Amino acid sequence: MGDPMTFPKPMGEDTRSPRAPRLLAGRGRYTDDIPAARMGHVAYLRSPYAHARIVNIDSEAAARAPGVLLVATGADIAAQCKRWCGTHDLFPALVAAEQPPLAVERACWHGEPVVAVVAETRAAAEDAVELIRVAWEELPPVTDAEAALTGPAMHPSLDSNIGFETTVEAGEVKAAYEGAEIVVEETFRFGRHTGVSLEPRSILADYNPAEDSLVVHQSHQTPHQQQDLFSRLLGIPEHKVQVICPDVGGAFGLKHHLHGDEIAVCALSRMLGRPVKFIADRLESFLTDIHCRDHEITARMALTKDGRITAMDVDDLFLIGPYSQYPRSSVAEGNQIARLCGAPYRLTDYRAHLRMLYQNKNLIGHIRSVGHPLAAAVTEALVDMAAAKLSIDPVELRQRNYLRDDDFPMTSAGGIEFEALSFTACLDRLTEMMDRPALLTEQAHLRESGVYRGIGITTFVELTAIGPEYYGGGGQHISAQEGCLLRLEPSGMVRCMTGVTDQGQGIDAGIQQIVAGVFGVPLEDVQVESGDSRLSPYGGGSWGSRGAVLGGETALRAARTLRGNVLDLASALLQCDAGTLDIRDRDIVDAASGLVRMSLAELAATGHFKPFAFPKDLQPALAVIEHYASQDRLFVVGNGVQASYLEVDPETGFVELLGHWVVHDAGRLLNPLLVKEQVRGGVVQGLGGVLFEECIYSADGQLQNGTFADYLVPMASEMPDIEVDHIVTATKSSELGTKGAGEVGTAGAMGAVLNAINDAISPFDARITETPCTPDRILRALGRI
4 MGDPMTFPKP
14 MGEDTRSPRA
24 PRLLAGRGRY
34 TDDIPAARMG
44 HVAYLRSPYA
54 HARIVNIDSE
64 AAARAPGVLL
74 VATGADIAAQ
84 CKRWCGTHDL
94 FPALVAAEQP
104 PLAVERACWH
114 GEPVVAVVAE
124 TRAAAEDAVE
134 LIRVAWEELP
144 PVTDAEAALT
154 GPAMHPSLDS
164 NIGFETTVEA
174 GEVKAAYEGA
184 EIVVEETFRF
194 GRHTGVSLEP
204 RSILADYNPA
214 EDSLVVHQSH
224 QTPHQQQDLF
234 SRLLGIPEHK
244 VQVICPDVGG
254 AFGLKHHLHG
264 DEIAVCALSR
274 MLGRPVKFIA
284 DRLESFLTDI
294 HCRDHEITAR
304 MALTKDGRIT
314 AMDVDDLFLI
324 GPYSQYPRSS
334 VAEGNQIARL
344 CGAPYRLTDY
354 RAHLRMLYQN
364 KNLIGHIRSV
374 GHPLAAAVTE
384 ALVDMAAAKL
394 SIDPVELRQR
404 NYLRDDDFPM
414 TSAGGIEFEA
424 LSFTACLDRL
434 TEMMDRPALL
444 TEQAHLRESG
454 VYRGIGITTF
464 VELTAIGPEY
474 YGGGGQHISA
484 QEGCLLRLEP
494 SGMVRCMTGV
504 TDQGQGIDAG
514 IQQIVAGVFG
524 VPLEDVQVES
534 GDSRLSPYGG
544 GSWGSRGAVL
554 GGETALRAAR
564 TLRGNVLDLA
574 SALLQCDAGT
584 LDIRDRDIVD
594 AASGLVRMSL
604 AELAATGHFK
614 PFAFPKDLQP
624 ALAVIEHYAS
634 QDRLFVVGNG
644 VQASYLEVDP
654 ETGFVELLGH
664 WVVHDAGRLL
674 NPLLVKEQVR
684 GGVVQGLGGV
694 LFEECIYSAD
704 GQLQNGTFAD
714 YLVPMASEMP
724 DIEVDHIVTA
734 TKSSELGTKG
744 AGEVGTAGAM
754 GAVLNAINDA
764 ISPFDARITE
774 TPCTPDRILR
784 ALGRI
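According to this note's numbering, the residues represented by the sequence shown are 4 to 788, in order.
Keep in mind the hints are simulated off the structure, nothing from the lab.
Hints are not guaranteed to be accurate.
Restricting the straight-line Cα-Cα distance to at most 30 Å, the calculated cross-link-like pairs of lysine-lysine (DSSO-like) are [as the list claims (entries may be wrong)]: (1) 12 to 177; (2) 735 to 679; (3) 12 to 619; (4) 177 to 308; (5) 308 to 243; (6) 85 to 243; (7) 12 to 679.
Note that the structure is predicted; figures quoted are calculated from it, not measured.
Please construct the entire structure, taking both the sequences and the accompanying hints into account.
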């Protein structure tokens, strides 16, 4: 594809999300707000053990309880719904056990649903759950890497607890280390955490036995994916399944998976022939929402004495849950770490060994910035260690080793194709923006008085807008193309239906800007709608920073097609060449003089109500649909740099965040305001992962902190000022030239803060290598406890 287009206004301008006023006024319509006659409510009995055999279930008392409509065991649900298996054809070495919606015979993690109770109210269902008696036989749980590697397989269908193993290798790694002048090495432990969306997982299923049809309202990111899954697993024809995703209160990736307790709601609705709703409470969310991270990574880096990085070697133990997540599999986070470590640097000798291990904890899936934060944190920690060992300024060491502008296009040592990135420009802008020399002077002065501040920098690569080869080629029914339908209403307003969905990131604003700018009408004349598998064009929804890249490009093509149709119709009515006309504001005008020839509403009304006014061979096509898939490469790749400035109290271990800076290259920005807010939100989520958030399990696999009293997330008082700036290297994969930006903040925040903490405590010859960097872990690193 050629050079990116010139943006017509309002593309590239700051605008607010069109749904923001409604949501701020409390007029949001979420899944739990949707009424249904004769609706039942679900509560689940969940396993209190990490690993146990179900000997017997006595549910008679629960079935007789007031208001109870149905009690269903895992076997009952299994009769309605097929099991699934989270494999991936592009990773043939990946082995996984089949997973049922509810546990059958065995429970494999603390919180796994075992029995469903449907009652007239949620309270009645929860009361009835308390009456169920389960006889359990506890089994030895697998809760750490050593047990997973040395113990027996937890699933009879598998030979071991190694679900996947692979090595990514380029060059001559062994020879590089044999000739290395300097080697730095460290082992890192990254704790598991989850997405913590404001709105919990929610689903309302309504099965109609007269038509064998199913209508589902669900807080989800991918309505067409869910339509396909519900159809295939429940055995209902796809055209009779409708999935509607209304307003969604945050998702962060955890709502683009299949959860057993959600599809079970559809089965329960079919068993009862009436609507059934499940809203996860917060404890259930911590127990069963998809988790992420949980890695133990040993990495080393080889350098010459003059500071040239020559090789990198990574070994990753990736601990997931008892099953590989469906339908995307759980392999992506480990695979992306293996392929992204060392990515910003001119490495030729590289090796990464990944082992994905099953254990008796909740499932691991894809949450915002899959693998990116860990790859960046590991790489950048080694760079800082090498800089200290060589007595080279860490910024200078990075500049010496970055991939250069004339290196592109190229394929990285990890096998990722890079079109054009801007590491040096981003770092130059970052150091200027943060005034690094002044911070270094302040840091040195304060250390003399016993105040320990640190400066940390992290460079990252961001993989966005994944292409069709990954899931389509992997055998998953997950759309990597996108659709957009535009309809010119008789009023002259444009109705846009898109396959991408909005969970708060503002993609509807970007789509609105594109349609308004390309078609030629005011922003407020474009109405964007999404989230309905029956009405929206088939598409993949929103995940992996694909909304603007794929959904935006599709909207551009649809707007251009509709514009051409309208001008052709106008030229027939006005008896002039279409090339002499233009659409401006709400009128069709003479392109040269700007003279209004007719209103857009007049043209639209003629097309809808008086089509006889046009020549017989010209149909008034006032609705168009376009589809788009990125075929050039597997990912549209962006990059950036982040810096953190903080203070560590060596007596308490507490960290105070003083400032955070981000410079990123996401190509051309459709809406700089919303991109900046996305970046800031991502940074805060990254701060949670590095400082606060962790799903803590006991040695026997019990989740210990399933409430907000114990699971900590950043609050406003802990958020520093976050300054954001952009470098623009437009991708040529699309006319828009955009790259994804939704995961930028999360990708680099962890590494920047980790490096800053280690810089702050470096006068004590201490290092911390485990996240989250809680006060007790910092004190242990300092030898204080």
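Verification of the hints:
Between residue 12 and residue 177 the alpha-carbon distance is near 55 Å, which puts this suggested pair outside the 30 Å criterion. Simply put, residue 735 and residue 679 have alpha-carbon atoms about 23 Å apart, close enough for the 30 Å limit, and the pair holds. At roughly 36 Å between alpha-carbon atoms, residue 12 and residue 619 are farther apart than 30 Å, so this suggested pair is violated. Pair hint residue 177 plus residue 308 holds up; C-alpha atoms about 19 Å apart against a cutoff of 30 Å.
Among the hinted pairs, residue 308 with residue 243 is inconsistent with the structure: their alpha-carbon atoms are about 67 Å apart, more than 30 Å. With a C-alpha separation of about 18 Å, the suggested pairing of residue 85 with residue 243 holds against the 30 Å cut-off. A threshold of 30 Å between alpha carbons decides the hint, and for residue 12 with residue 679 the separation of about 19 Å falls inside it, so the pair holds.
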